[in-house]
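Since the structure of chain C is provided, determine the placement of chains L, P and S on it from the hints.
Chains as they are written, first to last, in this note's numbering: chain C, 10 to 97; chain L, 10 to 97; chain P, 72 to 228; chain S, 72 to 228.
Calculated from the structure, these hints are not laboratory results.
Just to be clear, a hint being listed does not mean it is correct.
Here are the simulated lysine to aspartate or glutamate pairs, EDC-like style, with alpha carbons at most 16 angstroms apart [unchecked claim]: (1) P:200 x C:74; (2) S:83 x S:148; (3) P:144 x C:71; (4) P:200 x C:71; (5) S:206 x L:26; (6) P:92 x P:122; (7) P:206 x P:122.
Non-contacting residues of chain S with respect to chain P, defined by C-beta distances greater than 12 angstroms in every case (computed) [unchecked claim]: (8) 88; (9) 104; (10) 224.
Every residue gets a Cβ at the ideal spot worked out from N, C-alpha and C, and that includes glycine.
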Amino acid sequence: MVPRCQIEVLYFAKSAEIAGVRSETISVPQEIKASQLWKELETLHPGLADVRNQVIFAVRQEYVELGDQQLLLQPGDEVAVIPPISGG
Amino acid sequence: MVPRCQIEVLYFAKSAEIAGVRSETISVPQEIKASQLWKELETLHPGLADVRNQVIFAVRQEYVELGDQQLLLQPGDEVAVIPPISGG
Amino acid sequence: MKGVDDVEEKPKDIIRFTAEKLSVGEVSQLVVSPVCGAVSLFVGTTRNNFEGKNVISLEYEAYVPMAENEIRKICSDIRQKWPVRHIAVFHRLGLVPVSEASTVIAVSSAHRAASLEAVSYAIDSLKAKVPIWKKEIYEESTSSWKRNKECFWAAGD
Amino acid sequence: MKGVDDVEEKPKDIIRFTAEKLSVGEVSQLVVSPVCGAVSLFVGTTRNNFEGKNVISLEYEAYVPMAENEIRKICSDIRQKWPVRHIAVFHRLGLVPVSEASTVIAVSSAHRAASLEAVSYAIDSLKAKVPIWKKEIYEESTSSWKRNKECFWAAGD
Numbered sequence: 010m011v012p013r014c015q016i017e018v019l020y021f022a023k024s025a026e027i028a029g030v031r032s033e034t035i036s037v038p039q040e041i042k043a044s045q046l047w048k049e050l051e052t053l054h055p056g057l058a059d060v061r062n063q064v065i066f067a068v069r070q071e072y073v074e075l076g077d078q079q080l081l082l083q084p085g086d087e088v089a090v091i092p093p094i095s096g097g
Numbered sequence: 010m011v012p013r014c015q016i017e018v019l020y021f022a023k024s025a026e027i028a029g030v031r032s033e034t035i036s037v038p039q040e041i042k043a044s045q046l047w048k049e050l051e052t053l054h055p056g057l058a059d060v061r062n063q064v065i066f067a068v069r070q071e072y073v074e075l076g077d078q079q080l081l082l083q084p085g086d087e088v089a090v091i092p093p094i095s096g097g
Numbered sequence: 072m073k074g075v076d077d078v079e080e081k082p083k084d085i086i087r088f089t090a091e092k093l094s095v096g097e098v099s100q101l102v103v104s105p106v107c108g109a110v111s112l113f114v115g116t117t118r119n120n121f122e123g124k125n126v127i128s129l130e131y132e133a134y135v136p137m138a139e140n141e142i143r144k145i146c147s148d149i150r151q152k153w154p155v156r157h158i159a160v161f162h163r164l165g166l167v168p169v170s171e172a173s174t175v176i177a178v179s180s181a182h183r184a185a186s187l188e189a190v191s192y193a194i195d196s197l198k199a200k201v202p203i204w205k206k207e208i209y210e211e212s213t214s215s216w217k218r219n220k221e222c223f224w225a226a227g228d
Numbered sequence: 072m073k074g075v076d077d078v079e080e081k082p083k084d085i086i087r088f089t090a091e092k093l094s095v096g097e098v099s100q101l102v103v104s105p106v107c108g109a110v111s112l113f114v115g116t117t118r119n120n121f122e123g124k125n126v127i128s129l130e131y132e133a134y135v136p137m138a139e140n141e142i143r144k145i146c147s148d149i150r151q152k153w154p155v156r157h158i159a160v161f162h163r164l165g166l167v168p169v170s171e172a173s174t175v176i177a178v179s180s181a182h183r184a185a186s187l188e189a190v191s192y193a194i195d196s197l198k199a200k201v202p203i204w205k206k207e208i209y210e211e212s213t214s215s216w217k218r219n220k221e222c223f224w225a226a227g228d
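Looking at chain C on its own, in the form it has when it is part of the complex:
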């Protein structure tokens, strides 16, 4: 079994409206694919399925797509759900 750790998930814009929270602490495997982490979030907030194809993660403030990339998470790491941006 992969050891688990607690991470901080941040939600912004439309994803925050769907999740109903702006941040939450969850427990996840320390080694996890980005796509698998997304499934964990969908389990917590089923409405997120609607935006799956539009979002990207920021893991420790670096962009990571919701694909096969293996994440190595440390306790307290920050993972943000980033809907399409629209600044400027």
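Positioned in the frame of chain C, the structure of chains L, P and S alone reads:
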């Protein structure tokens, strides 16, 4: 003989420093080549010879090079001596 | 303002997120330098319409620490590409009424081409990479989260 | 600032020569429009050096009525090339101390590319065609009339 008319000559920047005036009224043939008009100005202000290759005219506020172009002047027309510009 | 005996200031990257109204004059003044002949600026302002709908105001939010990092990267890219002096990137958060500035970008350089190109690059990059979100609030009391066409992971949707 | 019921303002070309200090904020404000999402600006400022000589200040003069006409032509060219809303071109005359603005150009447009390109074109054209002269005043109490490399009839000298 070509009829003559009085025109207003304006000098700017270095040409004004050389001529020692910023404007003057002179009498010139109503039909005159730009290069010939320049010679008339050089007769009035010999120092202008130094800047001959650097200046251009503005006749009634339109650029005219000091070449063969025939000018048709009306009494009161404004002819400016325009040294290299440096705005901005 | 003597310039002559000034200690030459180090290049500065000035990045700020604020709920206050942005002042174009102040941001411009922050990048002015006695060794520079040019300041170029871009100001993003709130439009009153989108696809025929009347926009009353915009609301911006940002993932601020990451947004600051991403802008710092853009500043660093700019310094690789052009000889610029100071760079300022301001972005407003919260409600922005129509005609007010949501962002002001200012760059100074000795000669104008560098700052003109850098400002253009900066706003293009900001729209593509910096985690900031705009929600348009329409007259009919509906609203919509926007996406920049430059957003690099959702452009094709 | 309602935007919604505003009578849509006509495009304006605002051209001004003045001995007063230029305000980037004021010129920017003059071109802001509720139907525009972008204002791009260029500010020309006095540098403290030229070819190793310390410049104390600059002095500008212009053939004002012709300069206004030439700028009006540039505005007209811009409107042929890009969909811009308002254009403001300010140029200061007389003494301009180091770090202060000699010119401020501002253009508004619905989308940013138009105003960014228009501002760049405007300053290039101003330097090539508008009868304005700058005299640099050096620390050693000498002075020199300058020429823009863009000046169209004396570039090769």
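Hint-by-hint comparison with the structure:
no.: 1; hint: P:200 x C:74; in the structure: 14 angstroms, holds
no.: 2; hint: S:83 x S:148; in the structure: 14 angstroms, holds
no.: 3; hint: P:144 x C:71; in the structure: 12 angstroms, holds
no.: 4; hint: P:200 x C:71; in the structure: 11 angstroms, holds
no.: 5; hint: S:206 x L:26; in the structure: 12 angstroms, holds
no.: 6; hint: P:92 x P:122; in the structure: 26 angstroms, violated
no.: 7; hint: P:206 x P:122; in the structure: 15 angstroms, holds
no.: 8; hint: 88; in the structure: 20 angstroms, holds
no.: 9; hint: 104; in the structure: 7 angstroms, violated
no.: 10; hint: 224; in the structure: 21 angstroms, holds
Taken one by one, the earlier hints fail for this structure at numbers 6, 9, listed in ascending order.
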